[in-house]
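2 protein chains.
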Amino acid sequence: MALRKKAKGQLIVLSGPSGVGKSTVIAELLGQRQDIHFSVSFTTRKPRVGEANGVNYNFVERDEFERMIADGELLEHAEYVNNYYGTSLKVIQEKLDAGIDVLLDIEVQGAAKVRSKCPDAVLIFIIPPSFEELSRRLRGRNTDSEEVIAGRLQKAREEYKQIPKYDYLVVNDKVSAAAEEIISILIAEDCRTKNRIHLIEGV
Amino acid sequence: MALRKKAKGQLIVLSGPSGVGKSTVIAELLGQRQDIHFSVSFTTRKPRVGEANGVNYNFVERDEFERMIADGELLEHAEYVNNYYGTSLKVIQEKLDAGIDVLLDIEVQGAAKVRSKCPDAVLIFIIPPSFEELSRRLRGRNTDSEEVIAGRLQKAREEYKQIPKYDYLVVNDKVSAAAEEIISILIAEDCRTKNRIHLIEGV
Numbered sequence: 000m001a002l003r004k005k006a007k008g009q010l011i012v013l014s015g016p017s018g019v020g021k022s023t024v025i026a027e028l029l030g031q032r033q034d035i036h037f038s039v040s041f042t043t044r045k046p047r048v049g050e051a052n053g054v055n056y057n058f059v060e061r062d063e064f065e066r067m068i069a070d071g072e073l074l075e076h077a078e079y080v081n082n083y084y085g086t087s088l089k090v091i092q093e094k095l096d097a098g099i100d101v102l103l104d105i106e107v108q109g110a111a112k113v114r115s116k117c118p119d120a121v122l123i124f125i126i127p128p129s130f131e132e133l134s135r136r137l138r139g140r141n142t143d144s145e146e147v148i149a150g151r152l153q154k155a156r157e158e159y160k161q162i163p164k165y166d167y168l169v170v171n172d173k174v175s176a177a178a179e180e181i182i183s184i185l186i187a188e189d190c191r192t193k194n195r196i197h198l199i200e201g202v
Numbered sequence: 000m001a002l003r004k005k006a007k008g009q010l011i012v013l014s015g016p017s018g019v020g021k022s023t024v025i026a027e028l029l030g031q032r033q034d035i036h037f038s039v040s041f042t043t044r045k046p047r048v049g050e051a052n053g054v055n056y057n058f059v060e061r062d063e064f065e066r067m068i069a070d071g072e073l074l075e076h077a078e079y080v081n082n083y084y085g086t087s088l089k090v091i092q093e094k095l096d097a098g099i100d101v102l103l104d105i106e107v108q109g110a111a112k113v114r115s116k117c118p119d120a121v122l123i124f125i126i127p128p129s130f131e132e133l134s135r136r137l138r139g140r141n142t143d144s145e146e147v148i149a150g151r152l153q154k155a156r157e158e159y160k161q162i163p164k165y166d167y168l169v170v171n172d173k174v175s176a177a178a179e180e181i182i183s184i185l186i187a188e189d190c191r192t193k194n195r196i197h198l199i200e201g202v
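Heads up: the protein sequence lines correspond to chains A and B, in order.
So for the first sequence, numbering that gives the first Met the number 0 puts the first residue at 0; every next one is plus one.
So for the second sequence, numbering that gives the first Met the number 0 puts the first residue at 0; every next one is plus one.
Just chain A, same shape as in the assembly (with noise of 0.2 Å):
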């Protein structure tokens, strides 16, 4: 569906605990909605399988990325199971400004700094069917240990406070319906009052 001329881009977060199934639903919502800018984020964690550099994360060493908090030119950054995880700023508003939405995938630390700072942004929380189905694919994914896994789910019941705090909570239990969602979200926060008012004659 065509969008219709925006005045400025829409931030969007993303959260969802670890073995959710974000990065899938990301790719089939980025599939059908080419439109949007992905901002790849930075982080100190080694890369996993099948993980590239600038495509799933930016990886960086730690003394690189403590450099670019002191430089100030992160948006946000947390700490995440002895990792660093952040947002560059600039290619973020750049896009804002060009009228591009801009999707970001970050944890529950992370969004509660883009929501003091940028309070239009848009927060989703994707979450499993159930914490049984997050235990056996965080288990499937064959990435992780026991105890790390164990540390995840922890870790899960932890985020799960914080989801009142975001605007939408998506459950994906089927990759397809999610991205649906989201796409829907995305349309319907388009058609805010407040973002169209531009195009009314005369008001």
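One copy or any two copies: either way a pair holds, since identical chains are not told apart in the list.
Here are the simulated DSS-like pairs of lysine-lysine, each with C-alpha atoms no more than 27 Å apart in a straight line: (1) Lys-21 to Lys-94; (2) Lys-164 to Lys-89; (3) Lys-193 to Lys-164; (4) Lys-193 to Lys-21; (5) Lys-193 to Lys-112; (6) Lys-193 to Lys-173; (7) Lys-7 to Lys-164; (8) Lys-173 to Lys-7; (9) Lys-193 to Lys-154; (10) Lys-7 to Lys-160; (11) Lys-116 to Lys-193; (12) Lys-5 to Lys-160.
Hints listed in this document are in silico derivations from the structure and should not be mistaken for laboratory results.
Since we're looking at a predicted model, the values are computed, not measured.
Once you've looked at the hints, dock chain B against the given chain A.
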């Protein structure tokens, strides 16, 4: 797309100037989303060619309408171009309680009353691409005199002042696109965290 089980139905209010094509958009919408209950308004105006009692409106006499007002049977009512329009409360409440979305087609005065009584109602205003196009559509209907058309255009300009009170603004330049936007709004509203908090385990 299958919708998740809801705790409560959503009340949706659709407004827009006479001639914007609201009935056509609603027909398209209800064709795609047969789970929505369309609340047929009561009115004292005479049926237009092709309009059926109980379908487009419940057509009643003025004294019957005034009895309904007196007996508190209406969620809202308003007078518009010398005719009464109103919404019956009972059916709506039953549907919402059963988890069914209810769509109301009402003008701006009625919408404001619904908002004050039901703060969670979703208010959508439909505009034409331009006033010129609205004028063309009104003339194309061949049902109204030039004087009535001029009155409707003037009324439309007044209604436009109420647009900031609406949550969403949909431009009806193409019926299918307008209906698709409204469907997206309904899906998004269904995804709101406050409407899905019952899906979260342990919160």
